[in-house]
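Peer 1: We have chain A already, so just place chain B on it with the hints.
As a plain string of letters, each chain reads:
There are 2 protein chains.
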Amino acid sequence: MSDKVRIALDAMGGDHGPSVILPGADIALMRHPDVEFLLFGDTAQLNPVLDGLPRLKAASKVTHTDVAIRMDDKPSQALRYGRWKSSMWLTLDAVKKGEADVAVSAGNTGALMAMSRFNLKMLEGIERPAIAALWPTLKGESIVLDVGASIGADESHLINLAAMGSAMARVLFDIERPTVGLLNIGVEEVKGLEQVREAGRILRETPSLDFDYHGFVEGDDIGKGVVDVVVTEGFAGNIALKTAEGTAHQLASYLRAAMNRTWASRLGYLFARAAFQALREKMDPRKANGGVFLGLNGIVIKSHGGADAEGTAAAIDMGYDMVRYKLLAKIGQSMERDLQARSAQIATGAAS
Amino acid sequence: MSDKVRIALDAMGGDHGPSVILPGADIALMRHPDVEFLLFGDTAQLNPVLDGLPRLKAASKVTHTDVAIRMDDKPSQALRYGRWKSSMWLTLDAVKKGEADVAVSAGNTGALMAMSRFNLKMLEGIERPAIAALWPTLKGESIVLDVGASIGADESHLINLAAMGSAMARVLFDIERPTVGLLNIGVEEVKGLEQVREAGRILRETPSLDFDYHGFVEGDDIGKGVVDVVVTEGFAGNIALKTAEGTAHQLASYLRAAMNRTWASRLGYLFARAAFQALREKMDPRKANGGVFLGLNGIVIKSHGGADAEGTAAAIDMGYDMVRYKLLAKIGQSMERDLQARSAQIATGAAS
Chain A
190 MSDKVRIALD
200 AMGGDHGPSV
210 ILPGADIALM
220 RHPDVEFLLF
230 GDTAQLNPVL
240 DGLPRLKAAS
250 KVTHTDVAIR
260 MDDKPSQALR
270 YGRWKSSMWL
280 TLDAVKKGEA
290 DVAVSAGNTG
300 ALMAMSRFNL
310 KMLEGIERPA
320 IAALWPTLKG
330 ESIVLDVGAS
340 IGADESHLIN
350 LAAMGSAMAR
360 VLFDIERPTV
370 GLLNIGVEEV
380 KGLEQVREAG
390 RILRETPSLD
400 FDYHGFVEGD
410 DIGKGVVDVV
420 VTEGFAGNIA
430 LKTAEGTAHQ
440 LASYLRAAMN
450 RTWASRLGYL
460 FARAAFQALR
470 EKMDPRKANG
480 GVFLGLNGIV
490 IKSHGGADAE
500 GTAAAIDMGY
510 DMVRYKLLAK
520 IGQSMERDLQ
530 ARSAQIATGA
540 AS
Chain B
190 MSDKVRIALD
200 AMGGDHGPSV
210 ILPGADIALM
220 RHPDVEFLLF
230 GDTAQLNPVL
240 DGLPRLKAAS
250 KVTHTDVAIR
260 MDDKPSQALR
270 YGRWKSSMWL
280 TLDAVKKGEA
290 DVAVSAGNTG
300 ALMAMSRFNL
310 KMLEGIERPA
320 IAALWPTLKG
330 ESIVLDVGAS
340 IGADESHLIN
350 LAAMGSAMAR
360 VLFDIERPTV
370 GLLNIGVEEV
380 KGLEQVREAG
390 RILRETPSLD
400 FDYHGFVEGD
410 DIGKGVVDVV
420 VTEGFAGNIA
430 LKTAEGTAHQ
440 LASYLRAAMN
450 RTWASRLGYL
460 FARAAFQALR
470 EKMDPRKANG
480 GVFLGLNGIV
490 IKSHGGADAE
500 GTAAAIDMGY
510 DMVRYKLLAK
520 IGQSMERDLQ
530 ARSAQIATGA
540 AS
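The listed protein sequences derive, respectively, from chains A and B.
In this text, residue positions in the first sequence follow our numbering: the first is 190, and each later residue adds one.
In this text, residue positions in the second sequence follow our numbering: the first is 190, and each later residue adds one.
Think of the hints as simulated: they come from the structure by calculation, not from any bench.
All of these numbers come straight from a predicted model, not from anything done at the bench.
Honestly, I wouldn't trust all of these hints.
One copy or two, either will do: identical chains are not told apart, so a pair holds if it fits within one copy or between any two.
[Stated by the list, open to error] Restricting the straight-line Cα-Cα distance to at most 30 Å, the calculated cross-link-like pairs of lysine-lysine (DSSO-like) are:
| # | residue 1 | residue 2 |
| --- | --- | --- |
| 1 | K246 | K286 |
| 2 | K413 | K286 |
| 3 | K328 | K250 |
| 4 | K328 | K471 |
| 5 | K413 | K328 |
| 6 | K413 | K471 |
| 7 | K519 | K246 |
Next up, chain A with everything else stripped away, as it sits in the complex (with noise of 0.2 Å):
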């Protein structure tokens, strides 16, 4: 890795492309400004929004292409003809052979997690991918996969989950020993699903974790912070995340409605607004935007499709962390340090 942090986007991602991707690279490149940007896309759209953003035409590489992957294409469709040649795919290859640190879209989930896996292969030990999202919690924040990069999980991808989350905590948090709590329905050992079950009792009685495991945890939980880490299956996860901003949403339209209903409630919404603009900031969706595709040979970050240019640079922001504090470095040592451990354990249990 050179001095600087070497950032692949694809420029093309998203619903808005160029024109809302650019200035979030820009924001991001005034908070850090040893970011090099390698940009990925069709130079008739990029080079206009460029001249008017000289700090990061600087500090940018532009590689022209004129593919650019649909955001509605099925990702076997968006390999046939987007595979070599695409901005989503050119942005992965940059990791891939080295050029670039880590690797930005907001392109269609479904497409770029099929090139991530394509092209970077997953890590040594790990069969399948995960999305890892920030939560923000009445404690802060906290770390939630998988957030539906796959359905279902054995006991061995959930420990699989809680190694790489906990070192995603580590780098993101600056916490030597995560706490882990598994996603289930009912706190007692006695409930949920059985890989679930499975996985605590593996996490509970193996000596030397690098994460400090909690237990089970509901869904109630999350938002209050009670671990660092939440690890579940794919669907359910996708399910939370989903309901939990559906219910932000409908939470501040209530609200909204309810500033708005008598000339007294005006008013005092008048003298509150700084409370309500500090409350808006702290609900900003696009603070937390940035999923993580964690388990390939490479880190890979995934912004909201629909984040404007202050999402965009919070997902790349999130990518120059993971490059700083050497994400995918972590990742390798806990799986080494513990698989051995955990196989054991597992092997334990199977013969009991």
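Peer 2: Just chain B now, kept in the frame of chain A:
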């Protein structure tokens, strides 16, 4: 059914017992003077409370038992010591014997479900029970099921859930053809769990359903009120429900902190007090208290263990509505009217 709605009430259930349950019953009775209560519990604890509630006392028949199910017992333990004689069992038994039209308990969910199955048995054609929850939405309310009675669901169980949930929507929301969505990740036909996709195919292709099948919905569609009935298996459903509760608490806590920040925000709060009060009422989880056990030969309402008197009254109200608007008969009709068409459809799918 007599002219009265006869409600069997487990007076010992929940975290607080008779001191909260009975005042709750009294509130419900005020709203529905045509209710008759069968109360089950320890008269040494019941009678002093009842003496202070003369209206309730006059409308109630008390049956003494000194066995009460503890909140943290496993279902098997509860069955062992509580069958035949606990207040929970006797409450259910009143429905079984036709002495009551509905059973309400705030006791331990697992024990209540186990005893309900054991005593009331499943409805013809239904193999597994479900818990349905009322979910406040931007448009009003929706029904979400299953929120935790069982884990996993094949396509035929998902279709049963759709039939039962839509019967409940017909009763509670007074709409002839409720809309039904299957909870999934990604709305594209190719995504998500295979059983969910298969259930979607069957519902799409089945003529003469007595509800309108909408298609897939995602977690954030629940709070928008996109459909009247959201169908999911119990693991994801429970996690969605608890995550939404957790998010609501989290945002309420952010809001309180924001309103306390400065003198201006506190002043603003004073002006907008009525609006905040309205908001609080809108978000009041007590109003949606009461999970409905579906699929049994009898209606059982599970009130939240921590519910206060107002919450208890809401659960009783729900039981009242279920009886007055003939939920069980409507579920029976739905099942009969549609099961044959659906079986034919499933067979077609299997043959093709």
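Peer 1: Compare the structure with the hints numbered earlier in the document and write down the numbers of the violated ones, lowest to highest.
Peer 2: 2, 3, 7
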